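Asker: Sequence:
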Amino acid sequence: MIVHANKPLFAWDELQHSPTLATIRAALEAIPDAPLLHALQQRRHRGCDTYPVRVLWGVLLLAILLRHTTTEACLEELRRNAPLRLLIGIASEDAVPHGWNLTRFLAVLGQPEHLTLMRDLFDHMVQRLGLAVPDLGTHTAGDSTGLRGRLEPHAQRRAGEVADGLPQASGGRKEYKDDDGHVTKVVEWFGYKLHLLVDVRHEVVLAFDISDTKAGDNERIDALVDQAEANLPADRMKTLAYDKAADDIKVHEVLHDHDIKPVIQNRSCGPKDGEREKVIGGRVPLHVVHDEAGTVYCYDTTGPAPVRRAMSYAGHEKDRGTWKYRCPARVEGFACGSEAKCNEGKAYGMTVRVDQEIDLRRFPSIPRATPQFERLYKGRTAVERVNDRLKVFWGLDDGNVVGARRFCAHVSAVLLVHLACATLLAKAQRNEGSFGTLRLSPIAKKLEELVASEKATAKT
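Residue 106 in UniProt numbering sits at position 106 of the sequence shown, and the numbers go up by one each step.
Simulated from the structure, these hints should not be mistaken for lab results.
Keep in mind the model is a prediction, meaning the values are calculated, not measured.
Backbone N, C-alpha and C define an ideal beta-carbon position, used for all residues, glycine too.
Treat the hints with care, since some could be wrong.
Said to hold, decoys possible - Mimicking PhoX-like on lysine-lysine, the simulated pairs with C-alpha atoms at most 25 Å apart in a straight line are:
no., residue 1, residue 2
1, K445, K174
2, K244, K185
3, K445, K7
4, K250, K459
5, K324, K346
6, K177, K214
7, K177, K455
8, K238, K318
9, K459, K446
10, K378, K177
11, K238, K174
12, K324, K238
13, K278, K238
14, K346, K378
15, K244, K391
16, K341, K250
17, K177, K238
18, K445, K455
19, K378, K7
20, K7, K185
21, K318, K341
22, K238, K446
23, K214, K238
24, K244, K214
25, K244, K378
Claimed, not checked - Pair by pair, the computed Cβ-Cβ distance ranges are:
no., residue 1, residue 2, range
26, R79, R104, 15 to 25 Å
27, A11, K341, 28 to 38 Å
28, E449, R79, 38 to 48 Å
29, K250, A82, 33 to 43 Å
30, K185, R150, 17 to 27 Å
31, I249, N6, 41 to 51 Å
Sequences are here, hints too, so could you generate the full structure?
Answerer: Written out as structure tokens, the structure reads:
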């Protein structure tokens with residue numbers, strides 16, 4: 001795969017709709033699946049080996065890479081494409097497995113021990129990218145999306161899935177509301193929820209979780225943050241952007257404990273009496289208040305009617321755990337009747353410090369009324385693009401998978417292909433200069449070194 005030098009590191013628009021054999025081979029080699037295949041072979045032991053586990057695993061990955069809507073479509077292509085068969089170890093047309101072989105193989109992949117190994121593969125590939133890409137995971141975003149799936153029809157198998165802690169398919173409903181609280185759009189589906197935490201700049205998935213449709217986003221963030229931080233170098237994550245579904249005091253406390261700055265819009269939770277402003281209290285003057293979003297205001301009370309003005313934000317004092325605000329009249333230079341009283345004997349003007357511990361949900365490290373918050377919050381669209389890529393480009397939302405075991409295995413396989421493609425994009429040669437000289441970036445060289453080291457370790 002060759003990418004122009006002006007393209008971003010992870011140029012997702014460069015993914016080939018019909019990848020070459022070389023690209024397919026490189027993608028398969030980017031997945032360090034030896035431990036998983038060894039475990040699958042150990043489980044089979046002396047059982048029927050007409051279709052080796054490596055072949056079945058290769059067919060599953062090919063169906064995703066080639067964007068086939070069904071497994072049967074991929075099998076049909078394998079029957080007529082000899083080079084593609086040889087790529088995954090199928091000697092002849094007669095040796096191509098059947099659709100029911102893949103169905104049973106997915107059920108085996110959905111066993112707890114194999115799902116654990118697939119998650120280990122996912123974590124390992126993210127860790128490899130994290131070591132090579134210095135800013136991967138610095139600014140992150142999270143979201144959940146509904147995926148269509150089918151319930152396991154056999155009660156005994158379904159009971160086994162529940163015993164193993166797998167989520168069950170159920171009906172989901174999501175309402176979209178405008179600023180006035182009126183429902184403008186309703187989305188309904190039957191299946192599961194996929195929770196993702198992705199890098200904002202590179203659109204690479206860093207952590208994932210699968211749940212039923214009833215699980216709230218705020219209930220899954222703790223586990224996602226733990227997984228992402230374990231996959232990245234220490235102190236790499238700086239911010240996490242989320243929509244209003246994550247505006248929960250427990251979420252803010254978790255992010256505060258992890259030293260991650262939340263970029264989360266607040267939900268409207270005004271009191272029933274309609275009062276939406278509160279006096280901050282403590283050593284803060286009584287004419288300084290905050291609203292529901294945590295924006296700090298001061299009142300000029302010298303006129304016939306009080307005048308409210310937003311105070312000038314002067315930064316976050318991390319050591320003190322406070323927001324710092326200054327008199328807006330002194331900073332912006334407009335006339336205020338209370339300026340002389342407020343700033344008396346203060347060359348710098350009146351300064352107000354708001355302790356975040358009063359309410360971490362109202363007073364996060366980055367105030368919502370600042371340009372920095374607005375800029376970082378726009379990065380949340382990255383996770384929406386990743387969701388769209390997984391659901392549309394790689395067919396994660398086809399709704400053809402029956403049972404939680406097969407569904408969880410299928411989602412894990414799609415995410416492994418996602419990381420394999422991310423690895424290829426980061427390793428791709430770049431056309432530079434007027435003569436189109438091909439060069440490897442420092443990140444690509446680092447990735448090649450890491451992959452070579454893994455292969456050498458595996459041989460020993």
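Asker: Now tell me if each hint is right for this structure.
Answerer: Outcome of the hint check:
With a C-alpha separation of about 44 Å, the suggested pairing of K445 with K174 is violated against the 25 Å cut-off. Between K244 and K185 the CA atoms are separated by roughly 16 Å; this keeps the pair inside 25 Å, and the hint holds. This hinted pair checks out: K445 and K7 have alpha carbons roughly 18 Å apart, not beyond 25 Å. Between the alpha carbons of K250 and K459 the distance comes to roughly 46 Å, so the proposed pair goes past 25 Å and is violated.
Of the supplied pair hints, the one linking K324 and K346 holds, its CA atoms being roughly 16 Å apart against a limit of 25 Å. About 19 Å separates the Cα atoms of K177 and K214, which keeps this hinted pair within 25 Å; it holds. For the given pair, K177 sits about 52 Å from K455 by alpha-carbon distance, which is inconsistent with the 25 Å threshold. Proximity of K238 to K318 is assessed by CA-CA distance (about 13 Å); at most 25 Å being required, the pair is judged to hold.
The suggested pairing of K459 with K446 holds, with an alpha-carbon distance near 20 Å, which does not exceed 25 Å. Between K378 and K177 the alpha-carbon distance is near 19 Å, which keeps this suggested pair within the 25 Å criterion. Between K238 and K174 the alpha-carbon distance is near 30 Å, which puts this suggested pair outside the 25 Å criterion. Distance check on the hinted pair: K324 and K238 sit about 20 Å apart at the alpha-carbon level, within 25 Å; holds.
Pair hint K278 plus K238 does not hold up; C-alpha atoms about 30 Å apart against a cutoff of 25 Å. Distance restraint check for K346 and K378: the Cα-Cα separation of roughly 38 Å exceeds the 25 Å cut-off, and the hinted pair is therefore not satisfied. This hinted pair checks out: K244 and K391 have alpha carbons roughly 23 Å apart, not beyond 25 Å. For a cut-off of 25 Å, the pair hint linking K341 to K250 is broken: about 40 Å separates their Cα positions.
Annotation: proposed proximity of K177 to K238 is violated, straight-line Cα distance about 30 Å (limit 25 Å). About 15 Å separates the Cα atoms of K445 and K455, which keeps this hinted pair within 25 Å; it holds. At most 25 Å may separate the alpha-carbon atoms for a hinted pair to count; K378 and K7 meet this at roughly 21 Å. For a cut-off of 25 Å, the pair hint linking K7 to K185 is broken: about 36 Å separates their Cα positions.
Proposed proximity of K318 and K341 is contradicted: the alpha carbons are some 30 Å apart, above 25 Å. Restraint check for K238 and K446: satisfied, since their Cα atoms lie roughly 24 Å apart, inside the 25 Å limit. Note on K214 and K238: the hinted pairing is violated, with a Cα-Cα distance of about 29 Å set against a maximum of 25 Å. Using a Cα cut-off of 25 Å, the hinted pair K244 and K214 holds, with the two alpha carbons roughly 17 Å apart.
Proposed proximity of K244 and K378 is supported: the alpha carbons are some 14 Å apart, at most 25 Å. The given range of 15 to 25 Å is respected by R79 and R104, whose C-beta atoms sit roughly 20 Å from each other. Checked against the hint of 28 to 38 Å, the pair A11 and K341 fails, with Cβ atoms roughly 59 Å apart. The hinted range of 38 to 48 Å is satisfied by E449 and R79, whose Cβ atoms lie roughly 39 Å apart.
Separated by about 57 Å at the C-beta atoms, K250 and A82 break the suggested range of 33 to 43 Å. Against the hinted window of 17 to 27 Å, the Cβ-Cβ separation of K185 and R150 comes to about 25 Å, which satisfies the hint. Between I249 and N6 the beta carbon distance is about 45 Å. The supplied range of 41 to 51 Å therefore holds.
The structure fails hints 1, 4, 7, 11, 13, 14, 16, 17, 20, 21, 23, 27 and 29 (numbered hints given earlier, in ascending order).
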